[in-house]
Each structure stands twice: as C-alpha cells, then as structure tokens.
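Chain by chain, the residues run as shown.
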Amino acid sequence: MHKTSGHMSEDTSSAFEQLRTLLLSDDWRHFREIRDTVESLAKEVHDKDQLIETLDPVIADLLDRKIHESRSEMAEALAPVMSEAIKKQIEGAKEDMVDALYPIVGSMVAKAIQEAMRKLMEEINARFKQAAHNRFMIFVKSKVFRVQPAEIVLADGILFILEEIFLIEKKSGLLIGYETRNESHAEEDAYILGGMLTAIRQFVSDAFSTAGKGELLEIQHEDHTIRVDAARYTYLAAVYQGVAPHDFNDQLSRLHHRIHNRFYKRLRDFQGESSEFHGVNPIINRLFQKYRNYVHDNQ
Amino acid sequence: MSTTINKKICLLGEFGVGKTSLIQRFVFDRFSDDYLTTLGVKITEKLMPPLKKNRHMIQFRFLIWDIAGSEDGLVKHEGYWTGASGALIVTDLSRPDTITAAAHLIDHFLHLNAGAGIVIAGNKTDLIGNPLLHSSGESLKKLADNLSCPSILTSAKTGQHVEDAFLSLAHCLPE
Chain A
163 MHKTSGHMSE DTSSAFEQLR TLLLSDDWRH FREIRDTVES LAKEVHDKDQ LIETLDPVIA
223 DLLDRKIHES RSEMAEALAP VMSEAIKKQI EGAKEDMVDA LYPIVGSMVA KAIQEAMRKL
283 MEEINARFKQ AAHNRFMIFV KSKVFRVQPA EIVLADGILF ILEEIFLIEK KSGLLIGYET
343 RNESHAEEDA YILGGMLTAI RQFVSDAFST AGKGELLEIQ HEDHTIRVDA ARYTYLAAVY
403 QGVAPHDFND QLSRLHHRIH NRFYKRLRDF QGESSEFHGV NPIINRLFQK YRNYVHDNQ
Chain B
4 MSTTINKKIC LLGEFGVGKT SLIQRFVFDR FSDDYLTTLG VKITEKLMPP LKKNRHMIQF
64 RFLIWDIAGS EDGLVKHEGY WTGASGALIV TDLSRPDTIT AAAHLIDHFL HLNAGAGIVI
124 AGNKTDLIGN PLLHSSGESL KKLADNLSCP SILTSAKTGQ HVEDAFLSLA HCLPE
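Chains as they are written, first to last, in my numbering: chain A, 163 to 461; chain B, 4 to 178.
For the record, the hints were derived by calculation from the structure and aren't laboratory data. A portion of the hints provided could be inaccurate.
To be verified - Over 10 Å on every C-beta distance to chain A, these chain B residues come out as not near it, computed from the model:
1. N9
2. K11
3. F18
4. T23
5. D37
6. L42
7. P52
8. W68
9. D110
10. D129
11. P134
What the hints assert, rightly or not - Computed beta-carbon distance windows for the label pairs:
12. A:I323 <-> B:N149: 55 to 65 Å
13. A:D385 <-> B:L113: 38 to 48 Å
14. A:M270 <-> B:T6: 33 to 43 Å
15. B:V30 <-> A:R394: 28 to 38 Å
16. B:T40 <-> A:E253: 19 to 29 Å
17. B:H111 <-> A:F370: 21 to 31 Å
18. B:N149 <-> A:E384: 46 to 56 Å
19. A:F450 <-> B:V78: 56 to 66 Å
20. A:Q382 <-> B:F18: 31 to 41 Å
21. B:V78 <-> A:R394: 25 to 35 Å
Stated by the list, open to error - Within a straight-line C-alpha distance of at most 27 Å, the following computed DSS-like cross-link-like pairs (lysine-lysine) qualify:
22. B:K79 <-> A:K332
23. A:K333 <-> B:K79
24. A:K305 <-> A:K452
25. B:K144 <-> B:K56
26. A:K250 <-> A:K281
27. A:K256 <-> A:K228
28. B:K49 <-> A:K333
29. B:K145 <-> A:K332
30. B:K56 <-> A:K333
31. B:K144 <-> B:K160
32. B:K56 <-> B:K160
33. B:K79 <-> B:K56
34. A:K332 <-> A:K303
35. A:K210 <-> A:K250
36. B:K144 <-> B:K79
37. B:K160 <-> B:K49
38. A:K250 <-> A:K228
39. B:K56 <-> A:K427
The beta-carbon is built from N, C-alpha and C at its ideal position, and this holds for glycine as well.
Assemble the whole structure, with the sequences as input and the hints as a guide.
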C-alpha cells in the first residue's frame with residue numbers, strides 16, 4: 163500500500179511540475195528577462211567607464227534642457243565652483259585660456275590704448291600750440307636742463323598741483339587741520355567739506371556693506387583727485403590736480419604717521435577743540451613746500 | 004577771549020517733520036538740498052554765540068548733520084550718527100506718531116553716543132487750530148521730562164524759537 167501510495171505521490175508531483183511549467187513558462191521567461199536587464203543595469207551603474215559611455219550621449223542634451231528651463235537655478239548651482247574651475251583651468255592650461263580670451267581682452271586693451279593715445283595727442287597738440295607762444299623760454303630751459311625742447315613741452319603738460327589737505331577726525335568728521343595753496347579758500351568751507359567727505363566715505367562703506375573693514379582711498383573728478391590716507395583716529399585727504407608723483411601716496415602716508423605719533427593722546431581724547439592741534443598745520447605745510455612748483459621728470 | 008570748540012550735531016526726526024526747514028531758518032546754506040535725497044545727509048555750519056560754561060567762555064561751532072528721516076519709524080543712515088556730541092530731535096505736533104518715534108530715535112542715538120546732549124523740538128506751532136497741538140505738546144513735555152532733557156516748541160515757518168532750540172542744545176552739550 164505504501165509503495166503504491168509512493169508511486170502515486172511521485173506521479174502527482176511530476177504532474178504538478180508539468181502543469182506549473184505549462185502555466186508559468188511565460189512568466190518564467192519574463193522573470194529571466196527582467197533579471198538579466200537588472201543585472202546588466204547594475205553592471206553599468208557600478209562600472210564607471212560603462213556608465214560614462216551610457217550617459218555621454220545624453221548629458222549635453224540634459225544640461226541644455228536644464229539651462230533652458232531654469233537658467234537662474236543652474237547659475238546659482240554652478241556659481242560656487244565656477245571661479246575655482248576657472249582658476250584650475252588657468253593653472254592647468256594657461257596657454258589655452260590665453261588663446262580663448264585673447265579676442266575679447268585684446269580688443270578691450272586695444273580700445274583703451276587707442277583712447278589714451280587720442281587723449282595724449284590732443285594734449286600734445288594743445289601744448290605745442292601753447293609752446294609756439296613761449297618758444298624763447300623753452301629754448302632757454304632746454305639749454306639749462308640739457309634736454310630736447312619737445313621733452314620740456316611734454317613734461318610741462320603733465321601737471322601736478324597740490325591744492326588742499328584736510329586732517330579729519332574719523333568718527334565725527336570734524337576738521338582738525340587744514341592747509342590750502344589758495345588763500346582765498348575760506349576755512350569755514352573746509353569744515354563743511356570735511357564733514358561731507360566723511361559722509362561720502364560712510365555712504366560708500368554702507369553701500370558696499372564693508373562694515374568698517376574697507377576704506378575709500380580715492381575719488382576722481384575730471385582732472386582732480388582726492389587721495390585719502392586713513393589711520394586709527396583720523397584720515398588725511400589731499401586734493402590735487404593732474405598726475406601725482408610716484409612717491410606722493412607714500413609721502414602722504416608718512417606725514418599722517420608723523421602727525422599721529424606726535425598728537426596720539428590728543429587725537430584719542432578729541433572733543434572738538436582744534437586749538438590743541440596748532441602744531442598740525444605747519445607739519446602739513448611741509449608737504450606743500452615739497453611739491454611746490456613740482457614738474458614731472460625735470461627734477 | 005573764548006575758546007572755539009567744534010561739535011557734530013545731528014538733526015533727527017521722522018520724514019516731513021520740518022528738519023530741513025528748521026535748519027534753513029538757522030544757518031547760511033551753501034550746498035543744494037539734493038544731497039539729502041542722494042547721500043541721505045546734508046551738512047551745514049553755524050558759529051554759535053559765546054557762552055559761559057564752568058566759568059570759561061566758550062564758543063561752539065556746530066557742524067549740523069541734517070539726516071534724512073524715515074517714514075516707517077525705522078532707524079536709517081545710522082552710520083551718520085556716530086561721533087556726535089548732541090542731537091536736536093524734531094517732531095511734528097500735528098502728527099503724534101512722530102513723538103512716539105522720537106523716543107525710539109533718542110534711545111538709539113544715546114546708545115551710539117553715550118552722554119550726548121539732547122533737545123526735543125515740537126515743530127509746526129504755526130498750525131493754529133489743529134486739535135492735536137495741545138495734546139502733542141503735553142506728550143512732548145512728558146517725554147522730555149522722562150529723559151531729563153529740554154523740549155521747545157518751534158515753528159520753521161515763522162522762525163519762532165528755532166534759534167532758542169539750538170542755544171538750548173549748546174547749553175546741554177558735554178564739555
């Protein structure tokens with residue numbers, strides 16, 4: 163009985179197997195296909211070279227579409243790495259970068275030079291016209307300095323006139339010292355100008371959110387320049403016309419340093435009493451003496 | 004013989020209280036008012052009459068920073084406030100909110116310039132018949148009393164008490 167029953171069980175099992183094969187053969191085939199596809203995809207993802215090969219044809223299209231859809235988001239996402247990328251590129255392939263930028267930078271430089279040359283030519287023409295009236299003096303100067311007359315005409319064309327110097331307390335903008343080459347300038351105006359200059363410096367600092375870290379060092383208006391040297395309690399502002407000598411900023415800074423060293427305690431405790439600073443103006447005046455009748459290159 | 008002492012003075016108050024008109028009554032003007040809209044400040048100068056302080060004759064030269072006011076009670080152009088020895092706080096008696104704002108301005112100003120002198124001006128007394136003038140005047144007095152500083156009623160239109168306001172400020176400036 164047992165044997166018979168065992169045979170029947172085997173037959174039944176085989177029959178079930180056949181039935182399952184008949185019923186599920188299509189599903190098995192699908193399963194194997196899916197498994198092969200998943201394995202193949204997993205291989206592609208884990209294999210770096212193969213992944214690059216797969217994505218390469220679509221990556222350009224993807225970026226193009228993303229930039230087209232959300233330009234600002236892309237810019238925001240890429241901005242932090244752009245400067246680093248450019249720096250690396252310059253380090254790695256300087257020549258390539260030069261070649262790429264040359265058409266832009268080259269034309270910009272050329273344009274700037276053209277403009278500078280045009281201005282220089284205008285200046286030279288004006289100087290030569292004026293020189294026609296002073297031929298005798300130029301002849302004498304050229305003999306005295308033993309240089310070509312044309313050099314004298316050009317050197318005279320590059321002006322430097324130191325006009326005013328203000329010593330101003332940083333926080334309040336109050337004037338501490340003031341010297342001018344023009345005696346008709348009222349000192350009363352200097353108090354207001356000192357204040358306004360302080361307000362402008364503050365405005366620039368606020369506008370650029372430098373929070374006291376940055377300093378406005380120069381203001382230019384046509385051929386006038388205001389050069390500022392800042393120290394702990396004061397700033398020294400020099401107003402001049404033309405082109406400053408190469409050592410001027412250094413001289414201004416040294417002068418300021420001298421004033422600061424000599425009047426340090428009084429500057430620290432400044433309460434608006436300018437009579438405590440009588441010694442400041444003669445020190446400032448030394449700079450006027452140094453650059454009085456200054457002519458470029460003839461010295 | 005008096006000693007001249009230069010002082011930075013701030014003219015503060017809400018937009019439209021009459022600060023600029025007030026200063027025009029008091030000083031000789033050299034620069035355009037356009038600076039107020041561009042830079043947010045305009046500076047004028049006034050040499051005050053000599054006065055006796057602690058047995059010494061002194062004469063103040065006021066460098067007055069007229070600083071553009073805000074319309075929303077917020078502190079603006081704070082950078083211009085530093086290094087000041089005193090402030091004339093201007094309010095508009097026909098606008099009680101400007102007195103409330105003045106309390107905030109004074110608090111902030113003294114935080115930046117500890118020990119500075121303060122005078123509060125109630126401007127536009129010329130608006131006779133305005134029902135708010137009386138109650139605003141009382142609020143102003145109360146504010147001044149709380150802060151132990153002088154208050155003065157002014158009119159930039161007629162010039163009434165404008166000079167007195169600055170003289171009063173000269174008296175309460177620190178040495």
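Hint-by-hint comparison with the structure:
1. N9: The claim breaks: N9 of chain B does not keep its Cβ more than 10 Å from every Cβ of chain A (closest is about 4 Å).
2. K11: 4 Å, violated
3. F18: 19 Å, holds
4. T23: 15 Å, holds
5. D37: 13 Å, holds
6. L42: 5 Å, violated
7. P52: Its Cβ never comes within 10 Å of chain A, the nearest being 16 Å, so this holds.
8. W68: 7 Å, violated
9. D110: 20 Å, holds
10. D129: 29 Å, holds
11. P134: 39 Å, holds
12. A:I323 <-> B:N149: 55 to 65 Å: 56 Å, holds
13. A:D385 <-> B:L113: 38 to 48 Å: 45 Å, holds
14. A:M270 <-> B:T6: 33 to 43 Å: 58 Å, violated
15. B:V30 <-> A:R394: 28 to 38 Å: 32 Å, holds
16. B:T40 <-> A:E253: 19 to 29 Å: 48 Å, violated
17. B:H111 <-> A:F370: 21 to 31 Å: Once the Cβ atoms are compared, 23 Å apart, the range 21 to 31 Å for F370 of chain A and H111 of chain B holds.
18. B:N149 <-> A:E384: 46 to 56 Å: 53 Å, holds
19. A:F450 <-> B:V78: 56 to 66 Å: Check failed, 42 Å falls outside 56 to 66 Å.
20. A:Q382 <-> B:F18: 31 to 41 Å: Holds - the Cβ-Cβ distance for Q382 of chain A and F18 of chain B, about 33 Å, lies within 31 to 41 Å.
21. B:V78 <-> A:R394: 25 to 35 Å: Taking Cβ atoms as reference, V78 of chain B and R394 of chain A lie about 27 Å apart, which means the hint holds.
22. B:K79 <-> A:K332: It holds: about 20 Å lies between the C-alpha atoms, which stays within 27 Å.
23. A:K333 <-> B:K79: Roughly 17 Å between the alpha carbons, so the hint for K333 of chain A and K79 of chain B holds.
24. A:K305 <-> A:K452: 25 Å, holds
25. B:K144 <-> B:K56: It holds: about 26 Å lies between the C-alpha atoms, which stays within 27 Å.
26. A:K250 <-> A:K281: Distance of about 39 Å is beyond 27 Å: violated.
27. A:K256 <-> A:K228: 30 Å, violated
28. B:K49 <-> A:K333: 20 Å, holds
29. B:K145 <-> A:K332: 36 Å, violated
30. B:K56 <-> A:K333: The given pair, whose Cα atoms are some 25 Å apart, holds under the 27 Å limit.
31. B:K144 <-> B:K160: With Cα atoms ~22 Å apart, K144 of chain B and K160 of chain B stay inside 27 Å; holds.
32. B:K56 <-> B:K160: Cα-Cα ~32 Å, so violated.
33. B:K79 <-> B:K56: Violated, because 34 Å separates the two Cα atoms, which is more than 27 Å.
34. A:K332 <-> A:K303: 45 Å, violated
35. A:K210 <-> A:K250: 24 Å, holds
36. B:K144 <-> B:K79: The given pair, whose Cα atoms are some 25 Å apart, holds under the 27 Å limit.
37. B:K160 <-> B:K49: 20 Å, holds
38. A:K250 <-> A:K228: 25 Å, holds
39. B:K56 <-> A:K427: Holds, because 24 Å separates the two Cα atoms, which is no more than 27 Å.
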